[in-house]
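Chemist: Residue numbers (my numbering), protein chains in the order written: chain Z, 1 to 491; chain P, 1 to 686; chain W, 1 to 315; chain S, 1 to 291.
Honestly, I wouldn't trust all of these hints.
To be verified - Here are the computed lysine-lysine pairs in the BS3-like style, where the Cα-Cα straight-line distance is at most 25 angstroms:
| # | chain 1 | residue 1 | chain 2 | residue 2 |
| --- | --- | --- | --- | --- |
| 1 | Z | K70 | Z | K98 |
| 2 | Z | K161 | W | K123 |
| 3 | W | K54 | Z | K98 |
| 4 | P | K22 | S | K19 |
| 5 | P | K22 | W | K54 |
| 6 | W | K123 | Z | K373 |
| 7 | Z | K105 | W | K54 |
| 8 | Z | K333 | Z | K314 |
| 9 | W | K89 | Z | K161 |
| 10 | S | K55 | W | K123 |
Note that these hints are calculated values from the structure, not bench results.
These figures come from a predicted structure and were not determined experimentally.
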Amino acid sequence: IPGHVRAQKLQGTPLRVAILADMTNFDPMQFSLVNFHLIKNLYDSLIEYTADGKAVPSLATEWKIGEGNKSVRVTLRKDVLFHSGAPLTSADVAATLKKASDPAKGKNVYATMGIVQDWTMPDEHTIVINFKAPVPERQILDLLQFTMPIEAAGIDTVETKPAGTGAYTLAGRAVGQSVTLKANPKYWRTGEPVSPEIRFTVFSDDAAASAALESGAADIIYGGGARSAVRLRDAGYTVTRGPGPLVQVFRINTTRPPFNNEKFRQAFNYLMDRDGILRVGYAGLGEPVALPWAPASPASNPAYLKEFAYNLDKAKALLAESGLSKQEMSNWKLLVYGTDQPTVVISQIVQSTLAEVGINIQLDVLEGSEYVKAQLAGDYSATFGGVGNVQKFPSRVATNSIYRTKDNPVLKEPHPFPDYVAAIERVNSTYGSEEKVKAAYDHLNRVLVTSAFAIPTNSYDVGLIVSSSKLDGFTPDMDNLFVARTIGLKK
Amino acid sequence: MPLAKPVLSVRDLTVAFGGTGKPVPVVRGISFDVFANEVFCIVGESGSGKSVTSLAVSGLLPETADVSGSIVIGDTEIVGASAAVLRHVRSQDLGFIFQDPATTLNPVLRVGRQIVEGEVTHGRLRPSEAQVRAAELLREVDIADPVSRAQQYPHQFSGGMRQRAVIAMAMAGKPRLIIADEPTTALDVTVQAQVLSLLQRRQAETAAAVILITHDLGVVAEIAHRVAVMYAGRIVETGTVDEIFSSPRHPYTRALLRSIPRGDAVHARLDAIPGQPPTPETLPAGCPFHPRCVIGKERGECRTTEPLLRPIGADQQAACHFAEEKLLPAEARRTDFSGPAGEKAGDSLLEVDALKVHFPVRAGILKRVVGWVRAVDGVSLTVRVGETVSLVGESGCGKTTTARTIMGLVPATGGDVRFEGRSLLKLSSSRMREARRQMQYVFQDPYAALNPVLPVEEVVAEPLRLHGLYETAGGAARIAELFEMVGLSRRMFGRYPSEFSGGQRQRIGIARALALNPRLLILDEPVSALDVSIQAQVLNLLQDLQKELKLAYLFISHNLSVVQHMSDRVAVMYLGRIVEQAARDEIYRTPTHPYTQSLLSAAPVPDPTLGRTRRRIILEGEIPNPAAPPAGCTFHPRCFRSDEHCRRVAPSVVSYPGASIYVACHHPSDPMIPSIVREQSMEAGE
Amino acid sequence: MIGYVLRRLLHLIPVLLLGSAAVWAIIYAVPGDPVSVLVGENATAEQIAAATAKYGLDRPALVQYADWLWRALHGDLGTSIHASEPVLKLILERLPATFQLAFLATIVALVLGIPVAIASALKPGSWVDRILSLWNALTLGVPTFWLGILLILWFSVEMRWLPSASTYIPLWEDPVAALRSLILPAVTLGVYVSGVLARFLRASLVNEMRSDYVRTARSKGLWEWQVVGVHILRNALLPFVTIVGLMMANFIGGAVVTEAVFTYPGLGRLLIQAISTRDYPLIQGCIIVIMVIYILINLSVDVFYAYIDPRIEYK
Amino acid sequence: MKLTFGKLSAFGRALLRHKGAAAALAFLSVVALVAAFADFMPFDPFRQRLVDALKGPSQAHWFGTDELGRDIFARVVYGARTSLTTAAGAVAIAAAVGVPMGLVSGFFGGWRDAALMRFVDVMMTLPAILFAMALIAILGRSQIAAIVAVGITGIPSFARITRAQTLTLRSRDFVVAVEAFGGSARYNMFRTILPNSWSPILVQVVVLCSVAILLEAALAFLGVGVAPPTPSWGEMLRSGKSYLHEAPYYAVLPGLILTLTILSFDALGRAMADLLGERYEIRKSGSEGAA
Ligand SMILES: Nc1ncnc2c1ncn2[C@@H]1O[C@H](COP(=O)(O)OP(=O)(O)OP(=O)(O)O)[C@@H](O)[C@H]1O
Ligand SMILES: Nc1ncnc2c1ncn2[C@@H]1O[C@H](COP(=O)(O)OP(=O)(O)OP(=O)(O)O)[C@@H](O)[C@H]1O
Ligand SMILES: [Mg+2]
Ligand SMILES: [Mg+2]
């Protein structure tokens, strides 16, 4: 249902949104949890995905993939204005692409830009992007969906001053406390935004945000934890889950013993009590998975979940096959992100499971930046960490450190799993026939469970929305960003 | 007097402290009356129940006290009275003066306000008139500039002024009864003289009855009309002051009088009372004094029956079974004692030469030195082998500092200290350790001088161990020998200092000082913390030891009688300097320096007859701050002989040919002409 | 007096220098750095290097400290790496919240502490004293986080009267909402401190009651309320002022645990966040500010003390 | 009362007669014994049964189970071990460093004293808990780190108390006496002053035990104490706090045991201070506890 149709059933109201961390900048390319709540309200992307992964127009009215999948021709809407009042032109998109391809400024889009050779601007509202090699369609769409035009003039200051076309404009900010957005009066979507103002208030934790919602001090919690969401749902609040979850992955550093032993690693496919992990760690909000894909991903395959169900006997058999002694098997530590309560809990579950098969390990709990640093440097034997982009083109998973095919900080150079590198390559270069594509995906999946350097356990929600039942009109976003423009009071 | 109705009448007063165990009586059935216009003194050794009696009279005892008997002030019964009645009595009829003027005033309230607070509370004074009245009261107690003084806080007053303020406060409501509990014990002799004469004057002016509590028989003789002697919670003897001093009937009173050193018997050994006063918990059966009594010791009656107070003379009463018994003449019981004499002095042992000790005064942002406390400012002394040299002076004049500097405990600022001809000040620390063996120190406070966590045996052995001589000296045998020397038993070895009485501790301190076989003992007020009876024991011990071991003493004291008793030579110190130095008899017979004269005249003499006849010089003011000593002669602001010259020029030391006197004064009285002041006392004493 | 204040202010210098140097040393000893959190987990090596250079973190530690010190001397505490805002601004935004909590907690502590102390000191050893001592021990022994949890359980979860988490609402903007939000943390902190205060005040009251001047006051026939109210209380309250000041000073950075229980946005929490993100300038700034406030409060207390206690003359 | 070796047993008897102290000692002994012999008891603090997660107190699980289905009672028992050993280690460190520091600075004064006082100033101006957090950040989360961090924050209190004690004793006649007999500074500090300072130090040891337990729990509550799955009371309160709605007993029961332990140490400390005639140091060591 188009937004404006639903909007007729809703009434605008200032929205008070509780968030759990302050934003750090307004750059739409610094795509991280800390500005998830802002990006889609200050910026629009070229195209959008529906919840089931279908591409729909946004700032781009049309996109034509060129011959041999080596280019795409994008036509921009003509009635779009930046917040500054300047019209959107292909030059702005070009400037945006230029920033994205700069390693220092491209931030999270930089990796996606890897496929891009160059671009041309045939006219004010058309831009043609050329690729280095033939690229599968889905990968092209991901790029367009990821591209959120920034006004060329504002590119250098975008970190501190938003320069987008979004449904809301920045009205004010109190650092560490709140950000206020006002409806953009010249927004191009008719009937949107529904609500005239959004006020994001930073709460120091889940409990505080829940308390605010329950006491009526907030209308929406965005990005809260699963457990409190479930509790609030039981108490009559609405919980909205988006199509872009993360997948929790047990990451293994295969360069270190005992994980350089393949059988030993493979045993972990069976050692994950995925249901228990999901229930205890995430209050059951999410799905158990054996592959790093969300249901919306084209590579998703539920059969693997059955095949690699929790099974201590199979695990023991593999452990026995590994030829390692108990001593050798126990000689490592599980790195734990102490700041993130769910991973602390699920790490203990794994620890306990391992104890049952005779492997006694210790947890190495690190906080905050210390953990991130270790994780980025691959300085661990094994650790849990969420993987994003699991709803998009499968090879996007390779932007994540453990899945990276080049410069992998954990697995190091040369990549120890050439099969995996090849499988990603094959996915990246297979296009056209649906069967061929499917086969490439299947191959990748098989390689993943065999090499077993990363054992997915479950998907979980980022950007969970818990709201008062009086509100409606939530637009699901492929990346679970917060989209406010359609939200309003039920009439 | 006895015909009038008493202001205070106490009958069978018993006070016991309960606490948790069984109640311990500390005052055991005492009765006395106090009449208007008289000073009634209660004397007795520490712990005899004097303060408890006085607190009971005013109803100020803590709730743990169990009081019975009767106390009537005017027509009001105090025992069991309600709070309202007590408050009324206190506001109308009672004034109280406590021992320590430093703590009896509330530090955060203005003095004036505190003085008139009671009167204002009871509606006798309108708040608007309070200020004027406070100043008036302060003027009555001779405080200069009373108007502005009334606005000051207690810490801005000197000790003597505080006690005057307390007297003003106690007398503000013109009470019929004033209770003064050791009002001058914390003060110097000169200030004590000021305060006592003030008290006497105010008492006469208001015709109040005064109960004065003291342990100083000199003060009693000086001021009392009637006296009660307390021992172990009882009054053992009471009578007029003359009766008590001239014909004491209770053996305790007699012993007490004989145990104080007196100018008239310097060559006699002191007549100490043996043993310790009993504590309320360990009261002996029968007469509580019998274990220490010369007549009662052996008699069965004394051991079994406690004597009651009974009339002996007209006004005199005593609680002794044998009060009528004539005693041996006092002299006969005194073992003859060749006291210190100038003749025996040998080579000089210790020479102190122009010693100076200055302490920095720091102030300002960077704590810079802004001045110096001239604690010792040019002291010269010589102590010869086997002699006793005394250092006397008011509190704060630098006696302790001098002694500690000689010991090397405080660095000297200037001058020299020579021991057996060798300068001690520039010695290396190991040589200093060596030198110290010859020279030992006995401290004033027997409670603070012994390490409380060591058994006494170890306390005495410590110097030996520190010098690694324990084994050489004979180990435990040597310690036992030392114990014996000071009159203690080796059975006491394992005990800790807290298990000993003050006198015993002082003996332990002396034993420790003797451990290294020193030739010189520096005794810093060795007896001033002790009760008179114990004091006499320790003084005797010191004299015996001196004779036996050929010791030289540097004896520090502010008690002139003790000094007179002990010394060969005396040095009088004032504000860091020695103002007069001479052989004992010369200085006591013919004091030359006005300060010495004042000191001697201010000291109370335990002889009421003499007290009434002698003329006293009462010094004005108190000892100045040694950080800012007066210019010229430092004594001039208090001196009755000072003139313009004294104000400008500091006197140098003069010695008199033919006499042993050194004096630093521009106007000394000629030592060759015996001083009138003292001569009188000598006559009266004989 | 002015000299004294100046001297105390001079004392600030070594303490702050020492403190900031120690903090800097600690920062460099602590593993982890602010950049890793900032660049996110998909960052490449170049991105990390770029960010490190951008914040000047690639310079030698001493140079960084000297640079920080130089700027701090000019009133510039630097810019938060994580929030890209001036550190001072971040801190100043938190301070009102911190002061508000400290203020309310102090009031709670005084209201609970003083009467308890007086009631139990009037008759030491009585049953009133024993009961109050027990209460006192409880206030001191119950950890604030447990007490906070119990309060939340009862007032928020069970009775649903008060919010389980607190936010900062300025008292003057909406006193009711502010009090509703603050009352639980203020009580939690205040109860503990009331125990400290009551114990101290009781001890000093009992001590004063034994003083000679009290006996003197009684001997003048004053009413008991005069003796207690005018004589004893005045003396006992003097040292008490210092303790109250110390406690308030401690609230500034030290209410971390209470802030965590009630998720209250105070200075302590800011610092904890800064520590966990290794936001060096922010850590340094918070600590310096906490130290300065602590010292200033103490100084004010001492000056005030000198003002009310006639015996003290600072030169 | 001055504590001497000779009076140690008398002191012990006096403590046992003191009702509060006796009760506190009894409770602490039970906690200590249970902690010491936990290994011989029939429960396992690590054993998970996810199906039994967050079950209330029952016959099988006296204090209920936590989110991983572990027995909370078992974890409380093992938590006692963490708490007590941390406290003991921390107090040992604090005393071992603080006491000599206080002795030296009080005895010699001058620059040594000035340096110490600056150190104490800095420590005092920074809340202990923040200091401990920073230290743990350096050392990494472990029990050793907790011990060191808590121990260091306790140093100033020992240093201050010993210094004050030294200052008063320094000018006492019996100390001067030793000097007069030629005793060295060292001898005086360690053989004369220290043995006379046992009472305040001992009281402070007990006080600091309660502070250390509190601080350790507070650190764990903030998530920087000993690392999971090691049982720790503070950590249980931290986890339990997020299950207040579903499982209130989870935070309440471990908190109760923690509180009783702290109260016992406090009662013991006060009784000892009473008996020894020492001032009970009220300002603890600035842990928020605490504030
Ligand atoms: N409040 C009290 N509780 C228990 N015992 C007390 C109390 N006050 C005094 N005593 C005891 O009563 C006895 C008499 O004490 P009191 O103070 O009357 O002696 P004193 O003659 O005034 O001695 P001093 O010359 O030392 O002042 C002492 O043994 C003392 O220990
Ligand atoms: N360490 C010091 N620093 C500064 N001033 C000092 C020091 N020791 C003593 N004084 C001062 O030196 C002066 C002399 O003190 P000292 O103790 O020698 O007097 P005293 O004659 O022994 O007095 P008392 O009879 O009271 O024992 C006093 O004013 C005292 O305050
Ligand atoms: Mg007395
Ligand atoms: Mg002296």
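Chemist: Indicate, hint by hint, whether the structure satisfies it.
Modeler: Against the structure, the hints come out as follows:
Between K70 of chain Z and K98 of chain Z the alpha-carbon distance is near 19 angstroms, which keeps this suggested pair within the 25 angstroms criterion. Of the supplied pair hints, the one linking K161 of chain Z and K123 of chain W is violated, its CA atoms being roughly 68 angstroms apart against a limit of 25 angstroms. Straight-line distance between C-alpha atoms of K54 of chain W and K98 of chain Z comes to about 21 angstroms, which keeps the hinted pair within the 25 angstroms bound. For the proposed pair K22 of chain P and K19 of chain S, the alpha carbon gap of about 21 angstroms is at most 25 angstroms, so the pair holds.
Restraint check for K22 of chain P and K54 of chain W: the C-alpha separation of about 82 angstroms exceeds 25 angstroms, so the hint is violated. Taking the CA atoms of K123 of chain W and K373 of chain Z, the gap is near 61 angstroms; set against the 25 angstroms cutoff, the hint is violated. Taken as a hint, the K105 of chain Z and K54 of chain W pair is honoured in the structure, with Cα atoms around 12 angstroms apart against an allowance of 25 angstroms. With a CA separation close to 23 angstroms, the supplied pair K333 of chain Z and K314 of chain Z stays within the 25 angstroms bound.
For the proposed pair K89 of chain W and K161 of chain Z, the alpha carbon gap of about 18 angstroms is at most 25 angstroms, so the pair holds. For the suggested pair K55 of chain S and K123 of chain W, the alpha carbons sit about 49 angstroms apart, so the restraint of at most 25 angstroms is broken.
Hint check: violations occur at hints 2, 5, 6, 10; the rest are consistent with the structure.
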